[in-house]
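**Student:** Spelled out, the chains give:
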Amino acid sequence: MSILEVRHLEKIYEGKVAHKALDNINFSIEKGEFVGIMGPSGSGKTTLLNLIATIDRPTAGEIFINGKNPHVLNRKETALFRRHELGFVFQHFNLLDTLTVEENIVLPLTLDGESVKEMDKKLQYVTKKLGIDSILKKRTYEISGGQMQRTAIARSIIHSPSLILADEPTGNLDSKASKDVMETFTAINKEEKATALMVTHDPFAASYCHRVIFIKDGKLYNEIYRGENRQAFFQKIMDMLALLGGESRDLSAVRL
Amino acid sequence: MTFPQFVYRNVVRNKRTYAAYFLSSAFSVLIFFVYALFIFHPDIKQGVTKTAAIQLMTAAEVIMYVFSFLFVLYSVSTFLKSRKREFGILMMHGMTRNQLNLMVFLENMLIGIGAIVVGIGLGLITGKLFLMIGAKMIGIGPLRFYFSEKALLLTTFAFIILFFCISLFTTALVRVNKLIDLFQAGEKPKTEPKVSPFLSLLSAVLLIASYYLAATATLQTLIIRMLPVIAMTIVGTYFFYTQLSVFITKLLQKNRGLFWRKTNMITISSLRYRLKDNARMFFMVTIVSTVAFCAVGTLASMNVMNRQVKQDFPAEISYLANDDQPVNQQNLVQIETELKERKLEYTSHQIPIKYIAVASSTDRFTPKEIPVVSFSDYEKIMTSAGNAFKEKRLAGKEVLGMRTGSFSNPEGVTYTLKQDHIKLRQNKMSKNTVLPMQLIFSEGLVISDELFEKVTPENTKIYTGFYTSDLKKTSGIGENLVEHGMKFYSDKGPYSMSVSGTIYENQMSMYKMMLFVALLIGAVFFIAAGSFLYFRLYADLDYDRRHYLTITKVGLTNQELNKIVTRQLSLLFFVPILVAFLHSVFAFMALQSLFSLSIAKEIVIVLASFLIAQFIYFFLIRFRYLRNLKKTLV
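For the record, the sequence lines run as chains U and B. Residue 1 is where the first sequence starts when you use my numbering, and the numbers rise one by one after that. Residue 257 is where the second sequence starts when you use my numbering, and the numbers rise one by one after that.
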């Protein structure tokens with residue numbers, strides 16, 4: 001059963017010169033899949049993610065998440081939809097610095113009015129899994145970038161959403177922290193059967209996915225599957241990026 | 257973590273941001289409460305100045321309340337603006353619109369109730385002190401501390417309603433059209449500030465014109481000019497910050513010799529953005545400070561008005577008998593006995609005032625008769641009052657207009673007397689007050705001694721002046737003859753009379769009370785202005801940190817960083833204050849036209865004390881800000 005289904009998606013930015021950011025995008029993601037989206041700058045990756053994240057509205061086409069189309073819901077239903085079905089991980093972490101690590105993590109449950117006991121149980125489980133159970137009482141400015149991103153991941157999965165959306169999750173991290181974060185993703189994907197969609201520039205991060213979708217100029221360009229060997233997959237991604245002829249900085253993140 | 261816990265922590269852990277806002281709210285509550293303590297104090301509710309005191313403080317309560325309302329509203333809306341990204345994150349995690357409203361509402365109420373509790377708490381602790389100072393100023397015996405439930409309830413309910421209304425208001429202020437806009441707020445690079453040369457010019461013209469009008473205002477033009485000048489200044493100030501100042505820095509930036517020198521580049525370029533970003537805040541601070549300065553300055557300058565008592569009433573006790581009824585003789589004897597009882601040394605003399613019939617005059621309306629005094633008598637009045645007398649002796653038909661107060665003006669009127677159709681042309685006033693207006697209620701003339709001999713009066717009144725060296729000691733003399741030191745002229749009454757000591761005392765206690773009220777209100781305004789600055793600074797702290805981090809990476813010594821920060825902070829702190837000073841100075845120049853004595857000394861004292869307060873605040877904030885900044889820059 002597919003968790004995410006994108007049909008004939010189109011997004012036009014109105015302005016003095018109308019700009020078609022996305023043009024007839026079709027794809028779907030099955031439950032338990034971990035999918036990456038890559039493409040040169042300006043290809044429409046972030047627009048696509050924003051549409052799926054219900055932050056922005058499509059011009060035409062439909063998106064179904066877990067069989068429901070969030071864009072036909074009213075304001076309150078949209079909020080509840082985000083709360084129950086989606087989890088977010090951002091490049092800039094977007095943790096609230098007035099809250100401690102644990103408070104940031106339980107935020108989605110707090111908004112849902114869950115009982116404190118239940119929150120604690122889930123918190124213990126998630127943080128053990130992500131290896132951040134020792135920093136729960138700390139404030140966000142007292143922990144490292146990798147820890148912040150793992151906190152953000154914990155926050156995105158604590159309410160067991162149908163789909164986790166990640167926007168350049170390794171964009172602000174060094175290679176060691178990137179590796180930790182991607183391995184965390186892989187682990188929760190495997191063990192929790194969590195479905196994830198990740199937009200990235202980084203071929204190293206993308207090599208952890210099961211499948212990478214490439215888009216160029218707002219259109220689907222290609223997709224490649226991982227198979228058994230991550231090393232080989234990384235090479236395939238590099239080749240594809242070279243073929244795409246994106247701007248050179250898309251290729252700069254060689255970390256081998 | 258439950259939802260209320262979440263809200264609570266959001267506020268409490270953000271105390272640095274809310275500190276100044278919280279404290280100045282609490283201070284407003286405190287002052288409001290103190291006024292309420294006065295109003296409801298049982299010992300204060302008798303006497304005339306005391307009724308006036310209550311009225312004055314009630315007015316002050318209203319002003320405070322309205323101002324607090326605006327202050328809280330403005331502060332809260334600026335807080336909300338700076339939190340757009342945070343709201344974006346929360347909404348991403350599925351916060352509903354209602355939950356967001358509830359959060360904002362609860363946060364405001366939390367701060368509001370905190371401010372009320374702290375304000376009233378401080379009021380209870382310091383209430384005795386305020387009551388002591390206040391009682392001293394109003395001129396009544398020390399007031400015991402009286403805990404008034406009414407004051408407590410009034411303050412609590414007034415401010416709960418205030419915070420409640422504003423909390424409701426502000427939830428409507430958080431407009432969330434598109435989540436994507438919220439989310440990207442603050443991340444967009446700042447765009448180049450745009451200015452219009454026309455509006456810049458307009459601002460300069462408006463300010464210069466209103467300064468000119470204020471500086472050249474006279475007694476007659478003041479009332480007509482006041483409102484347009486205030487409006488012009490406000491508009492001019494607004495465009496000064498949004499347009500003209502940015503325009504000037506743009507010109508500076510073009511001058512490479514200056515702009516590319518040392519740290520100037522960093523200072524000037526960020527100043528441009530800062531000016532434009534903070535234009536509205538600068539504007540608010542300037543206007544609020546100007547109001548504070550003007551309120552306190554005007555009241556302080558009224559001190560001069562009391563010195564003016566001596567000018568307006570040359571004799572400490574003036575007595576004008578309208579006829580020769582025996583009651584006048586009795587009264588004069590009573591005054592003399594009272595003076596003697598007090599062991600006051602005094603001189604006195606009587607002069608006749610002749611009322612002569614007038615046939616016609618060039619004035620709009622011709623009086624039937626006009627009082628005249630001889631020049632020698634005028635001289636006698638002046639020398640007895642202790643004034644050096646230098647006016648040129650009148651001869652023949654020369655006359656002087658009789659000055660009856662500070663504001664009398666020559667009108668160039670010609671009077672034709674019935675007697676021999678003598679024409680008397682008055683185009684000059686006597687330098688000093690001859691008889692107080694309150695006593696004679698009419699125009700009058702000082703004429704030469706020979707003419708005074710010649711004229712035959714319709715009737716003659718006798719003026720008696722008592723002179724002592726100490727004005728204040730005459731307070732309370734002839735209490736049964738006068739009301740508040742004054743018995744006004746009337747057709748029917750046998751006499752009119754003034755006692756300077758009592759008048760002085762009444763004015764003084766009125767003045768002190770108004771000063772007391774104005775000082776407290778001025779303090780509230782001034783602290784509110786400081787809170788705007790503080791908030792602005794901390795809202796920008798994160799941005800500044802990144803900014804300075806970049807610069808230090810390029811290579812910036814500690815001293816250079818201190819210098820840049822100090823310079824920028826001092827601009828933030830002193831630009832609005834200096835503009836407010838300039839505004840106030842011109843306002844005081846206009847005010848000066850109301851007084852015949854100079855008010856410069858009082859004004860300098862008031863402005864200097866405000867400046868010192870601002871300096872102290874500046875150094876305090878600079879110290880904390882630098883420490884905060886350096887924590888992240890190693």
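Watch out, some of these pointers could steer you wrong.
Said to hold, decoys possible - Among chain B residues calculated to face chain U with C-beta under 10 Å, some are:
1. M257
2. F259
3. F335
4. L336
5. K337
6. S338
7. K340
8. G344
9. I345
10. Q355
11. D800
12. A846
13. L847
14. S849
15. L850
Please keep in mind that the hints were generated in silico from the structure rather than gathered at the bench. We put the CB at the ideal spot given by N, CA and C, even for glycine.
**Student:** Does each hint fit the structure? Answer for all of them.
**Tutor:** Here is how each hint holds up against the structure:
{"no.": "1", "hint": "M257", "in the structure": "holds, 5 Å"}
{"no.": "2", "hint": "F259", "in the structure": "holds, 6 Å"}
{"no.": "3", "hint": "F335", "in the structure": "violated, 13 Å"}
{"no.": "4", "hint": "L336", "in the structure": "violated, 15 Å"}
{"no.": "5", "hint": "K337", "in the structure": "violated, 17 Å"}
{"no.": "6", "hint": "S338", "in the structure": "violated, 13 Å"}
{"no.": "7", "hint": "K340", "in the structure": "violated, 13 Å"}
{"no.": "8", "hint": "G344", "in the structure": "holds, 8 Å"}
{"no.": "9", "hint": "I345", "in the structure": "holds, 5 Å"}
{"no.": "10", "hint": "Q355", "in the structure": "holds, 6 Å"}
{"no.": "11", "hint": "D800", "in the structure": "violated, 16 Å"}
{"no.": "12", "hint": "A846", "in the structure": "violated, 49 Å"}
{"no.": "13", "hint": "L847", "in the structure": "violated, 48 Å"}
{"no.": "14", "hint": "S849", "in the structure": "violated, 55 Å"}
{"no.": "15", "hint": "L850", "in the structure": "violated, 53 Å"}
Violated hints, listed in ascending order, are 3, 4, 5, 6, 7, 11, 12, 13, 14 and 15; each of the other numbered hints is respected by the structure.
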